[in-house]
Amino acid sequence: MGLDEVFKVLSKGVLISINSQKYADEARFLMAEDNFEELGKIMKKLGFILNGENGYFYLSKKEKMNDAELQAFMNNHKNILLCIAILKQLFPYLESGTVLKQTDFIVALKQKEDALLEQKFEYVFKTKDLKDSVERFFDLLEKNSILEKKESDSKDEYLVLRALEYYTKIVQSTVA
Amino acid sequence: MKHSELLKLLATHKESIDIAYREGSLEHVSAELVESTLFVKINQRYKLNKNYVNFADSLLQRVDYSIIFGNYENEYKELVKAKKRYVESKDGYYVTTITTLIENLYFKFYNRDREIQVLLLRLQNDTSLDIDILIQNATDILEKVSELIDANEKIGTFFKEDLRGVAEAIDTLLQSITLSLLGFIENIDRYIQALNLFLVQTKKRRLQNKQFMQLSNQILSEECGALDTYLLVHAKHLYYTITPSQKNRVAFLPEERDVAKLSKELHALLHEIKIPKPLKSTPLKLQESQKLEIIDVERILAELGENKSEDIFLFVYTHEELACYEEAKRLEEAFKVYIQILPHQEVVYKKEFNHYGIKVAQWV
Chain C
1 MGLDEVFKVL
11 SKGVLISINS
21 QKYADEARFL
31 MAEDNFEELG
41 KIMKKLGFIL
51 NGENGYFYLS
61 KKEKMNDAEL
71 QAFMNNHKNI
81 LLCIAILKQL
91 FPYLESGTVL
101 KQTDFIVALK
111 QKEDALLEQK
121 FEYVFKTKDL
131 KDSVERFFDL
141 LEKNSILEKK
151 ESDSKDEYLV
161 LRALEYYTKI
171 VQSTVA
Chain H
1 MKHSELLKLL
11 ATHKESIDIA
21 YREGSLEHVS
31 AELVESTLFV
41 KINQRYKLNK
51 NYVNFADSLL
61 QRVDYSIIFG
71 NYENEYKELV
81 KAKKRYVESK
91 DGYYVTTITT
101 LIENLYFKFY
111 NRDREIQVLL
121 LRLQNDTSLD
131 IDILIQNATD
141 ILEKVSELID
151 ANEKIGTFFK
161 EDLRGVAEAI
171 DTLLQSITLS
181 LLGFIENIDR
191 YIQALNLFLV
201 QTKKRRLQNK
211 QFMQLSNQIL
221 SEECGALDTY
231 LLVHAKHLYY
241 TITPSQKNRV
251 AFLPEERDVA
261 KLSKELHALL
271 HEIKIPKPLK
281 STPLKLQESQ
291 KLEIIDVERI
301 LAELGENKSE
311 DIFLFVYTHE
321 ELACYEEAKR
331 LEEAFKVYIQ
341 ILPHQEVVYK
351 KEFNHYGIKV
361 AQWV
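Heads up: the protein sequence lines correspond to chains C and H, in order. Residues 1 to 176 (our numbering) make up the first sequence, in order. Residues 1 to 364 (our numbering) make up the second sequence, in order.
Just so you know, the hints here were simulated from the structure itself, not pulled from any lab data. Treat each hint with caution, since some may be false.
Straight-line distance between alpha carbons at most 16 Å, and here's what the computed EDC-like set of lysine to aspartate or glutamate pairs gives [claimed, not checked]:
| # | chain 1 | residue 1 | chain 2 | residue 2 |
| --- | --- | --- | --- | --- |
| 1 | H | K204 | C | E165 |
| 2 | C | K131 | C | D114 |
| 3 | H | K160 | H | D171 |
| 4 | H | K2 | H | E23 |
| 5 | H | K203 | C | E95 |
| 6 | C | K112 | H | E32 |
| 7 | H | K210 | C | E37 |
| 8 | H | K204 | C | E95 |
| 9 | H | K14 | H | E32 |
| 10 | H | K203 | H | D140 |
| 11 | H | K236 | C | D114 |
| 12 | H | K236 | C | E95 |
| 13 | H | K8 | H | E32 |
| 14 | C | K22 | C | E38 |
What follows is a set of in silico ranges between Cβ atoms, one per label pair, in the way DEER data are often shown [said to hold, decoys possible]:
| # | chain 1 | residue 1 | chain 2 | residue 2 | range |
| --- | --- | --- | --- | --- | --- |
| 15 | C | A108 | H | E147 | 35 to 45 Å |
| 16 | H | Q124 | C | L130 | 31 to 41 Å |
| 17 | C | A108 | H | N43 | 31 to 41 Å |
| 18 | H | R190 | C | K155 | 37 to 47 Å |
| 19 | C | E122 | H | G24 | 42 to 52 Å |
| 20 | C | K112 | H | E143 | 48 to 58 Å |
| 21 | H | Q124 | C | K62 | 35 to 45 Å |
| 22 | C | K62 | H | R114 | 50 to 60 Å |
| 23 | H | Q117 | C | L46 | 49 to 59 Å |
| 24 | C | A108 | H | E223 | 44 to 54 Å |
| 25 | H | T96 | C | A108 | 58 to 68 Å |
On the chain H side, residues computed to face chain C include the following (Cβ under 10 Å) [as the list claims (entries may be wrong)]:
| # | residue |
| --- | --- |
| 26 | V118 |
| 27 | R205 |
| 28 | I341 |
All residues carry an ideal CB built from backbone N, CA and C; glycine is no exception.
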């Protein structure tokens, strides 16, 4: 594992969690203070900031984003925040390290008929069809480093990653 | 009934007893189970005697949140009474009574310690209850455990100060259990700390969940000014999900399935394109330049200027520079030279064509 390999992952917009199985090597590499500092210096030269906090690592942009970027950035954050709110509504004890089953999610969704839940799905996926949205819901959270398939061949079990804390921090900072 | 007969009874009816333990009650049971008081009829159904259930729960480490710890007041009163009677009468009977009461108290301490451990574990792993109810249960347990501090202290002091030296048998017993007893008393403080920590963490989780709900409602009703401001202010240190900008263009990272689709389509496309084999033009060029070097075009041009030919192609064709070629080849070479001459300013085109089918051009 070298700086180039870790950069390759981070540059794809991946939030590397320390409890990730997929990026366990990258996380271990970044947890070494020397590696983190060295990569941080290089990232700075490239116009990025290497952030490491609360058990996750990610890149942020040093320069100001343009309007279009900013809009996409904000929409993406709002969508993920709504998805986590859905998870928390269905599984109040969910936290990083929890193993979540897609089948349990579907069952919980069916049991909890809630207009606000539907609204959240509609806001993110622009459809009222909850069944259609479930797969997209898991895809979105997986793509945004909140969930990770427990086993690469398993379609049902997902691990809640440490990156969940990133969004929790935003919520705590904005809601009284 | 002898104990061995009781064990036999349990073994004979183990299936009925197991179902009743797991499901709570049975509609019909054998008469001997009722006679033995192992089952009691309540509300038209047969339930296992609570004493048996408590015994099984204790061994299987199953503790209900509603457990009542109680105190050791009854045993304490009996101990004080037995000690007084022994001091007065010196009857060995009271020594036996005292040791039995001490043993009972020790069992109570022992079981209570295990019960609290199990309760803590259950609380920490319980995800089936509503968070509010779980917090209420944990608060109740904390209260019950806290109440034990004084009772434990009272018994500890009584053992240490009032029962020591009363009788040798009592001293021996106290000696053997003191260490464990002190451990149980100290554990209470640890359990209280763990319960307090659990309550703080669970309350924090409840608050976080509420905050997530509150923020999501704000997003849905588009009243999330605080979130917008936070994201704008902290954008520099927030997770960057898009690639760097290129003149106001936002290039999103493609999803894996899109990349796979694109790759598949490109693969198919590239197989359809017929790539022509490169032409072997190099030898031809060499040949051409060699021949042009042989023909002195400059000489032809100079003579054209002198003779002012009416048909440049015929002039070239009949020129002695091309005399070495056979007729077909000479036509080809004459045409090449003709093409080279045409760009000159002195060349004027006529409307007619010569008998070689080539447009007549004059040198003026």
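Each hint, compared with the structure:
A hinted pair counts as satisfied when its Cα atoms are at most 16 Å apart, and K204 (chain H) with E165 (chain C) qualifies at roughly 13 Å. A distance of roughly 15 Å separates the Cα atoms of K131 (chain C) and D114 (chain C); the hinted pair therefore holds under the 16 Å criterion. For a cut-off of 16 Å, the pair hint linking K160 (chain H) to D171 (chain H) stands: about 10 Å separates their Cα positions. For the proposed pair K2 (chain H) and E23 (chain H), the alpha carbon gap of about 28 Å is over 16 Å, so the pair is violated.
The suggested pairing of K203 (chain H) with E95 (chain C) holds, with an alpha-carbon distance near 14 Å, which does not exceed 16 Å. Annotation: proposed proximity of K112 (chain C) to E32 (chain H) is violated, straight-line Cα distance about 48 Å (limit 16 Å). A distance of roughly 37 Å separates the Cα atoms of K210 (chain H) and E37 (chain C); the hinted pair therefore is violated under the 16 Å criterion. This hinted pair checks out: K204 (chain H) and E95 (chain C) have alpha carbons roughly 12 Å apart, not beyond 16 Å.
Only pairs whose Cα atoms come within 16 Å are accepted, and K14 (chain H) paired with E32 (chain H) is accepted, the gap being roughly 13 Å. At most 16 Å may separate the alpha-carbon atoms for a hinted pair to count; K203 (chain H) and D140 (chain H) meet this at roughly 15 Å. Between K236 (chain H) and D114 (chain C) the CA atoms are separated by roughly 36 Å; this puts the pair beyond 16 Å, and the hint is violated. Between the alpha carbons of K236 (chain H) and E95 (chain C) the distance comes to roughly 27 Å, so the proposed pair goes past 16 Å and is violated.
This hinted pair checks out: K8 (chain H) and E32 (chain H) have alpha carbons roughly 12 Å apart, not beyond 16 Å. For the suggested pair K22 (chain C) and E38 (chain C), the alpha carbons sit about 23 Å apart, so the restraint of at most 16 Å is broken. Taken as a hint, the range 35 to 45 Å holds for the pair A108 (chain C) and E147 (chain H), whose Cβ atoms sit roughly 38 Å apart. For the pair Q124 (chain H) and L130 (chain C), the supplied restraint of 31 to 41 Å holds, since their beta-carbon distance comes to about 32 Å.
The given range of 31 to 41 Å is respected by A108 (chain C) and N43 (chain H), whose C-beta atoms sit roughly 34 Å from each other. Between R190 (chain H) and K155 (chain C) the beta carbons are some 43 Å apart, a value that agrees with the proposed interval 37 to 47 Å. The given range of 42 to 52 Å is respected by E122 (chain C) and G24 (chain H), whose C-beta atoms sit roughly 43 Å from each other. For K112 (chain C) and E143 (chain H), the Cβ-Cβ distance of about 32 Å falls outside the hinted range of 48 to 58 Å, so the restraint is violated.
Remark: the range hint 35 to 45 Å for Q124 (chain H) to K62 (chain C) is upheld by a beta-carbon distance near 43 Å. Between K62 (chain C) and R114 (chain H) the beta carbon distance is about 57 Å. The supplied range of 50 to 60 Å therefore holds. Checked against the hint of 49 to 59 Å, the C-beta distance between Q117 (chain H) and L46 (chain C) comes to roughly 53 Å, which is consistent with it. Between A108 (chain C) and E223 (chain H) the C-beta distance comes to about 28 Å, which lies outside the given range of 44 to 54 Å.
At about 59 Å, the CB distance of T96 (chain H) to A108 (chain C) agrees with the hint of 58 to 68 Å. Interface restraint check for V118 (chain H): the shortest CB-CB distance to chain C comes to about 19 Å, outside 10 Å, so the restraint is violated. The beta carbon of R205 (chain H) comes within 7 Å of a beta carbon in chain C, closer than 10 Å, and the hint placing it at the interface holds. Here the hint on I341 (chain H) is broken, as its CB sits about 61 Å from the closest CB of chain C, past 10 Å.
Hint check: violations occur at hints 4, 6, 7, 11, 12, 14, 20, 24, 26 and 28; the rest are consistent with the structure.
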